[in-house]
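Colleague: For reference, the chains in residue letters:
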Amino acid sequence: MQRHTERRDPVCPDPEPWVSRKTPVCCADMQPDRSTPVIEFRDVSYCVNGTQVLSELNLQVAGGETLVLLGRSGSGKTTTLKLINRLVSPTSGEILVNGTPNGQGDIIRLRRGIGYVIQDAGLFPHFTVERNIGLVPKIEGWPDEKIRQRARDLMQLVGLPPEMASRYPHQLSGGQRQRVGVARALAADPAILLMDEPFGALDPLTRDELQREFLLLQQRLHKTVVFVTHDLREALRLGTRIALMEAGKLVTVLSPAEFLKSTDRWAAAYVRAFGDGLESAANRGTS
Amino acid sequence: MNVIRFILQNHTQVLELTLEHLWLVGVSTAFATLIGVPLGILISHRPRLNKPVLASANIIQTIPSLALFGFLLPMPWLGERSDRLAILALTLYALLPIIRNTFTGICGVDPAVVEAGRGMGLTESQLLFQVELPLAMSVILSGVRVAIVISVGLATIAAAIGAGGLGEFIFRGLAMVDDRVILAGAIPAAVLALSADVGVGWLERRLRPR
Numbered sequence: 001m002q003r004h005t006e007r008r009d010p011v012c013p014d015p016e017p018w019v020s021r022k023t024p025v026c027c028a029d030m031q032p033d034r035s036t037p038v039i040e041f042r043d044v045s046y047c048v049n050g051t052q053v054l055s056e057l058n059l060q061v062a063g064g065e066t067l068v069l070l071g072r073s074g075s076g077k078t079t080t081l082k083l084i085n086r087l088v089s090p091t092s093g094e095i096l097v098n099g100t101p102n103g104q105g106d107i108i109r110l111r112r113g114i115g116y117v118i119q120d121a122g123l124f125p126h127f128t129v130e131r132n133i134g135l136v137p138k139i140e141g142w143p144d145e146k147i148r149q150r151a152r153d154l155m156q157l158v159g160l161p162p163e164m165a166s167r168y169p170h171q172l173s174g175g176q177r178q179r180v181g182v183a184r185a186l187a188a189d190p191a192i193l194l195m196d197e198p199f200g201a202l203d204p205l206t207r208d209e210l211q212r213e214f215l216l217l218q219q220r221l222h223k224t225v226v227f228v229t230h231d232l233r234e235a236l237r238l239g240t241r242i243a244l245m246e247a248g249k250l251v252t253v254l255s256p257a258e259f260l261k262s263t264d265r266w267a268a269a270y271v272r273a274f275g276d277g278l279e280s281a282a283n284r285g286t287s
Numbered sequence: 001m002n003v004i005r006f007i008l009q010n011h012t013q014v015l016e017l018t019l020e021h022l023w024l025v026g027v028s029t030a031f032a033t034l035i036g037v038p039l040g041i042l043i044s045h046r047p048r049l050n051k052p053v054l055a056s057a058n059i060i061q062t063i064p065s066l067a068l069f070g071f072l073l074p075m076p077w078l079g080e081r082s083d084r085l086a087i088l089a090l091t092l093y094a095l096l097p098i099i100r101n102t103f104t105g106i107c108g109v110d111p112a113v114v115e116a117g118r119g120m121g122l123t124e125s126q127l128l129f130q131v132e133l134p135l136a137m138s139v140i141l142s143g144v145r146v147a148i149v150i151s152v153g154l155a156t157i158a159a160a161i162g163a164g165g166l167g168e169f170i171f172r173g174l175a176m177v178d179d180r181v182i183l184a185g186a187i188p189a190a191v192l193a194l195s196a197d198v199g200v201g202w203l204e205r206r207l208r209p210r
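Chains as they are written, first to last, in our numbering: chain A, 1 to 287; chain B, 1 to 210.
Calculated from the structure, these hints are not laboratory results.
Built from N, CA and C at the ideal position, the CB exists for glycine as well.
Incorrect hints may have been included.
What the simulated footprint calls covered on chain A by chain B, stretch by stretch (three residues with Cβ under 8 Å from a Cβ of chain B suffice, anywhere in the stretch; the number is not a length) [stated by the list, open to error]:
id : region
1  : 98-106
2  : 200-206
Counterexamples of contact, computed for chain B against chain A with all Cβ distances above 10 Å [claimed, not checked]:
id : residue
3  : Phe6
4  : Leu15
5  : Pro76
6  : Asp110
7  : Val113
8  : Gly117
9  : Arg118
10 : Gly119
11 : Gly121
12 : Leu122
13 : Gln130
14 : Leu135
15 : Met176
16 : Arg180
17 : Arg205
Which chain B residues face chain A? A few, computed with CB under 10 Å, are given here [stated by the list, open to error]:
id : residue
18 : Pro74
19 : Glu115
20 : Ala116
21 : Thr123
22 : Leu128
23 : Met137
24 : Ile161
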């Protein structure tokens with residue numbers, strides 16, 4: 001990916017009329033804006049079968065930042081993520097996306113304006129790489145040639161050689177599948193990206209490579225990213241801010257540097273568990 | 001050898017009855033697919049319905065075929081023409097494998113794939129037609145394949161109520177105590193079942209998701 005950084009950005013080209021027409025106005029054309037939150041949780045609680053999964057969550061995500069939801073399994077971080085694109089509906093409270101409660105209006109439009117990347121990518125096994133990437137543009141009714149061009153551009157952006165376009169997911173390695181997953185989420189140029197442990201199933205070397213590329217990508221694209229992980233090292237490296245969750249509650253929201261010095265019980269426990277060498281991770285891995 | 005000579009001597013009748021047999025099996029399988037696949041889709045999305053629907057299909061399957069043909073005989077409209085009757089009965093028998101395989105096939109689609117699709121903004125019908133059905137297709141087809149093989153065998157019994165088909169030879173042969181006549185019905189029926197099995201099996205492999 002590094003080799004593409006000098007070139008003109010192939011993914012965010014000059015405003016093209018068909019992009020802005022076809023993608024939801026609420027999300028696609030927003031410039032990063034750090035003053036008003038792009039995503040806001042207001043007193044959100046979620047219960048399922050009498051179990052409190054999330055309680056009284058209040059959280060704001062600013063435009064262009066990477067907010068990492070950190071916590072152990074069952075802490076409610078994935079649920080928090082799914083509340084944003086309404087794969088889960090809150091029991092009480094509301095989630096505002098670009099200032100509008102996401103339960104109002106068209107859920108399908110909301111989701112098409114939000115990129116979604118999951119562990120193991122969740123690629124469609126019966127679609128080629130190109131069709132996987134072009135899926136949202138396709139259902140949004142883009143012309144075929146534009147879809148193909150878009151898929152080619154995105155494959156270049158995420159570092160996939162063009163000849164992979166006609167491969168099927170089972171013919172790819174885990175890292176390549178995850179790259180396709182990221183490209184697919186970026187296809188309709190959403191301003192928001194939700195990532196649910198996207199690098200969790202990868203070997204350490206591939207994970208390191210993808211984390212580095214994610215940072216480079218984010219430097220150029222300035223998406224508003226909500227990133228779920230249980231890996232503190234990953235959180236420190238990728239996050240602008242880290243939201244620590246424990247047992248369905250938001251413990252604290254800190255910058256990576258603050259997190260390392262925090263005296264909070266849970267934050268300190270995390271730092272202890274991960275041991276030495278965390279400062280270098282907090283250097284954002286760009287060195 | 002006597003059998004082959006008998007079949008060759010009566011080839012027009014063998015051909016005629018084979019076509020009749022194909023008609024019974026083809027029409028009933030088509031009906032069963034048209035009813036069974038949507039039912040299977042329905043119960044895979046409404047878990048509360050799956051027990052009652054599968055149980056009903058199971059119960060139908062346990063009724064002895066000769067008894068079912070007999071039961072249906074006094075029904076108005078249907079009883080007038082025995083091939084209608086036979087098609088109804090064969091349709092009922094073919095339902096279970098088709099419903100069950102549609103249900104199993106759709107439930108077997110990786111939930112992560114479905115959730116990814118939903119998260120990307122696919123509507124429920126786009127999910128069904130672009131993700132769930134294509135991925136379940138080979139399992140659904142193997143249900144249709146089982147249904148066809150069962151129907152070819154069952155349709156021989158339809159001759160007992162005068163619906164025609166290769167069963168005519170079998171029943172006639174039984175009455176005449178003549179093996180040649182029985183085999184003149186049984187061999188073409190076996191060939192039909194085998195070729196349907198191979199044909200649909202080929203289609204199934206072609207459509208299997210990679």
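Colleague: Which of the stated hints cannot be reconciled with the structure, identified by number in ascending sequence?
Modeller: Structure breaks hints 1, 2, 6, 7, 8, 9, 10, 11, 12, 13, 14, 18, 22, 24.
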